[in-house]
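Enquirer: With chain A fixed as given, assemble chain B onto it according to the hints.
Number of protein chains: 2
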Amino acid sequence: MKIAVLGYGTVGSGVVSVIDTNKEEIKSSAGEGVEVKYILDLRSFPNDPHERDVVHDFDIIVNDKEIRLIAETMGGTEPARTFTERALQKGISVVTSNKELVDAHGAELIEIAKANNCSYLFEASVGGGIPILHTLHTALKSERIESVTGILNGTTNYILTKMEAVGADFADVLKKAQELGYAEKDPTADVEGHDACRKIAILASLISNRRVRHEQVMTEGITKITRDDFIYARGMQRRIKLLGHAEKTKDGSLRVIVAPFLIPLTHPLSGVDDVFNAVEVTSNMLGVSMYYGRGAGKEATASAVVADICEIARNQGAYVERSLTKEEASLVDAAEQTYKFFVRTAAKDKDAMITALSDGGIAYEDLRRQFDSGITSEEAYVTAPVSYGTLQKALQNAPAPLSLIRLLDI
Amino acid sequence: MKIAVLGYGTVGSGVVSVIDTNKEEIKSSAGEGVEVKYILDLRSFPNDPHERDVVHDFDIIVNDKEIRLIAETMGGTEPARTFTERALQKGISVVTSNKELVDAHGAELIEIAKANNCSYLFEASVGGGIPILHTLHTALKSERIESVTGILNGTTNYILTKMEAVGADFADVLKKAQELGYAEKDPTADVEGHDACRKIAILASLISNRRVRHEQVMTEGITKITRDDFIYARGMQRRIKLLGHAEKTKDGSLRVIVAPFLIPLTHPLSGVDDVFNAVEVTSNMLGVSMYYGRGAGKEATASAVVADICEIARNQGAYVERSLTKEEASLVDAAEQTYKFFVRTAAKDKDAMITALSDGGIAYEDLRRQFDSGITSEEAYVTAPVSYGTLQKALQNAPAPLSLIRLLDI
Numbered sequence: 001m002k003i004a005v006l007g008y009g010t011v012g013s014g015v016v017s018v019i020d021t022n023k024e025e026i027k028s029s030a031g032e033g034v035e036v037k038y039i040l041d042l043r044s045f046p047n048d049p050h051e052r053d054v055v056h057d058f059d060i061i062v063n064d065k066e067i068r069l070i071a072e073t074m075g076g077t078e079p080a081r082t083f084t085e086r087a088l089q090k091g092i093s094v095v096t097s098n099k100e101l102v103d104a105h106g107a108e109l110i111e112i113a114k115a116n117n118c119s120y121l122f123e124a125s126v127g128g129g130i131p132i133l134h135t136l137h138t139a140l141k142s143e144r145i146e147s148v149t150g151i152l153n154g155t156t157n158y159i160l161t162k163m164e165a166v167g168a169d170f171a172d173v174l175k176k177a178q179e180l181g182y183a184e185k186d187p188t189a190d191v192e193g194h195d196a197c198r199k200i201a202i203l204a205s206l207i208s209n210r211r212v213r214h215e216q217v218m219t220e221g222i223t224k225i226t227r228d229d230f231i232y233a234r235g236m237q238r239r240i241k242l243l244g245h246a247e248k249t250k251d252g253s254l255r256v257i258v259a260p261f262l263i264p265l266t267h268p269l270s271g272v273d274d275v276f277n278a279v280e281v282t283s284n285m286l287g288v289s290m291y292y293g294r295g296a297g298k299e300a301t302a303s304a305v306v307a308d309i310c311e312i313a314r315n316q317g318a319y320v321e322r323s324l325t326k327e328e329a330s331l332v333d334a335a336e337q338t339y340k341f342f343v344r345t346a347a348k349d350k351d352a353m354i355t356a357l358s359d360g361g362i363a364y365e366d367l368r369r370q371f372d373s374g375i376t377s378e379e380a381y382v383t384a385p386v387s388y389g390t391l392q393k394a395l396q397n398a399p400a401p402l403s404l405i406r407l408l409d410i
Numbered sequence: 001m002k003i004a005v006l007g008y009g010t011v012g013s014g015v016v017s018v019i020d021t022n023k024e025e026i027k028s029s030a031g032e033g034v035e036v037k038y039i040l041d042l043r044s045f046p047n048d049p050h051e052r053d054v055v056h057d058f059d060i061i062v063n064d065k066e067i068r069l070i071a072e073t074m075g076g077t078e079p080a081r082t083f084t085e086r087a088l089q090k091g092i093s094v095v096t097s098n099k100e101l102v103d104a105h106g107a108e109l110i111e112i113a114k115a116n117n118c119s120y121l122f123e124a125s126v127g128g129g130i131p132i133l134h135t136l137h138t139a140l141k142s143e144r145i146e147s148v149t150g151i152l153n154g155t156t157n158y159i160l161t162k163m164e165a166v167g168a169d170f171a172d173v174l175k176k177a178q179e180l181g182y183a184e185k186d187p188t189a190d191v192e193g194h195d196a197c198r199k200i201a202i203l204a205s206l207i208s209n210r211r212v213r214h215e216q217v218m219t220e221g222i223t224k225i226t227r228d229d230f231i232y233a234r235g236m237q238r239r240i241k242l243l244g245h246a247e248k249t250k251d252g253s254l255r256v257i258v259a260p261f262l263i264p265l266t267h268p269l270s271g272v273d274d275v276f277n278a279v280e281v282t283s284n285m286l287g288v289s290m291y292y293g294r295g296a297g298k299e300a301t302a303s304a305v306v307a308d309i310c311e312i313a314r315n316q317g318a319y320v321e322r323s324l325t326k327e328e329a330s331l332v333d334a335a336e337q338t339y340k341f342f343v344r345t346a347a348k349d350k351d352a353m354i355t356a357l358s359d360g361g362i363a364y365e366d367l368r369r370q371f372d373s374g375i376t377s378e379e380a381y382v383t384a385p386v387s388y389g390t391l392q393k394a395l396q397n398a399p400a401p402l403s404l405i406r407l408l409d410i
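Going down the list, the sequences are from chains A and B. Each step along the first sequence adds one to the number in the numbering used here, with nothing skipped, and position 301 is 301. Each step along the second sequence adds one to the number in the numbering used here, with nothing skipped, and position 242 is 242.
Here chain A stands alone, though its shape is the one from the complex:
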């Protein structure tokens, strides 16, 4: 099977490298050898072993009748979208690691693929090292999925892990992560939760068979988490993780959120550290299952792209299903999502905080009764389950809390 790779950056060169390295395994998986015939990039790559495969014009690729599959690893919506559409319209399957494109136009692209008896697969767009989309569409397909909860971003998980381990503040760990190449120069997409948001939007869309747009998802990043929060977390026997969570409610709508959560040490996601990602799925017969792997890194993402290539090869000339649809999902409003909240306040604001909670009708526990944080200048509480809207309204009458973090209960 001759293929083309669009974009010879980190992921694209990873894909070529995996294909070169695991030739035999890929042949056995795909049922035939997979060969990179073209690499599309604006740049040239003198002395690269694939130097002669590099082309600068997409037309060469899409007009070559030998090309049966394209791996799109460019990122961004254009020209990736146009290239993908043109390929699919010619019956050339496309696999991608491009979450922006899948989030924005996945449903349309799948329709085009289906109409042209080819496939559009995007495992690498959600969790590089975790075959979660494949699993949802095969082994878990006969299950009724109730919820999906994931640590979906390697950079933020690395930062939170280090903040906890070293007792350092966000800004210091971020700087270190940037030096080590674990965080980008402009870390906004990661630390503000935008990357995780796109991924949970795709997962939520898949489990609900409805379209969830990332813009609709309540998203909170980790920039407000401080080193002191981890001291309380330890006392509560919890850890702080940035989670994407999507859950079907009884009335058929969806609760979707990205936010830092305090999760119990006994929760299967609590042990997921550093750049690792994991997705926990709850379904009606199997119960809880979890899928764990490297969330970042050239090879892990590339391996997911290659697994999609092999799946398409195994199902030649047939549409491989991925259930993204255009029908809009009905989402529970962020203000109506109910959780227990961890609330920290300066000791001097204690009375005002207690009054605000009480006036808002929000029950709470004083954490001082459970453990000694050693931080005498503060008070900390855990509320009873309360909607975010109700809590916000109550807190309007109090000084801004030092922290407000949701609890994930099991």
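If you're looking for bench data, these hints aren't it; they were derived computationally from the structure. Source: prediction; values computed, not measured. Careful, some of the hints might be misleading.
Residues from chain B that keep clear of chain A, each with C-beta distances beyond 12 Å, as calculated [what the hints assert, rightly or not]:
#1 F45
#2 I60
#3 S330
#4 R368
#5 I375
#6 G389
#7 A400
Pairs of lysine-lysine residues, derived as DSSO-like cross-links and limited to a Cα-Cα distance of at most 27 Å, are as follows [unchecked claim]:
#8 A/K350 with A/K326
#9 B/K23 with A/K326
#10 A/K248 with B/K248
#11 A/K248 with B/K176
Ideal placement from N, C-alpha and C gives every residue a C-beta, glycine not left out.
Expert: Then chain B, alone, in the frame of chain A:
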């Protein structure tokens, strides 16, 4: 698709229940509805909703041209083997939860399936709630698998979790587990590691494409683990887990073992508690990935059987590959498998133990230098990496140690 279920016990009735409950999901996964036409059992089931489907004669099933698939949930090698062979010879695919049969005759049965253009799938025989075999044959198929390490038995993991949490001894927790139905009256197969051994033998066979017989696998159970071992484990920042481990060596042979291991708290398997199972896979491009789910329970196992049914339905009239072969694996002798060992001895035997280790040329660390166990009547050491044979030989000259547990290092 009309199917038959052989054996209406725990797993068989679970399969029927999953098919009844998830009718729509199964239809969507299989591409067609799945209907139970026959249930083979020696007993009758008056007032059961499927009472009229129960038959006592396998010939009725195998001679019915409508039957395209059989779910064998009887257990044991006979008559399961004969029934499976007869079905496959007629081109009827078989899915099973029967690890004894897969371990003993899997390769032959797969050959018969292949020759008759049907399939023999056995996801439920390894990890009920974990789609690990499916993943190894699809998403991970283009990877070079280096090792597989798993918590493969729910009963022993439950017992170890409770021993640690409560500080109780093996016998007491076992008794409690039996009362709760988490352990069988005769717990030998679980607590002596035989069940985990059959599962790692199947996994080892799959990753090596060679036949690993369970009789060849060095197997140690958890009956000798005591409550004191957990005190040292805590000091070492480790937990004790019964692991099945299979690893390819550089010369192409396999290291396979089932034994309790001291694993670091940072290891992804260390958070797997109670009846949950998990399998960690290391492969050349993806690195470490892990698959986690309920290891026991009617529905989890049944769900895995149903997932196999759907996979066969999706690939109608085609052989679905599972790579068990007849060619014998070359295994590293148990005596030559090298690990660090945790060694406990009575304080009075300290000198004899130290002399035995030193005379055997085995370096060791005194754990007393690392933490205070609080147990003054004992001494505890961790050896440098040493082969089991060398250690055993050295210990012949010392009083029997109170514990000897391998360390899993990452």
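Enquirer: State for each hint whether it applies.
Expert: Hint by hint, here is what the structure shows:
{"no.": "1", "hint": "F45", "result": "holds (21 Å)"}
{"no.": "2", "hint": "I60", "result": "holds (27 Å)"}
{"no.": "3", "hint": "S330", "result": "holds (20 Å)"}
{"no.": "4", "hint": "R368", "result": "holds (26 Å)"}
{"no.": "5", "hint": "I375", "result": "holds (26 Å)"}
{"no.": "6", "hint": "G389", "result": "holds (34 Å)"}
{"no.": "7", "hint": "A400", "result": "holds (35 Å)"}
{"no.": "8", "hint": "A/K350 with A/K326", "result": "violated (49 Å)"}
{"no.": "9", "hint": "B/K23 with A/K326", "result": "holds (25 Å)"}
{"no.": "10", "hint": "A/K248 with B/K248", "result": "violated (43 Å)"}
{"no.": "11", "hint": "A/K248 with B/K176", "result": "violated (37 Å)"}
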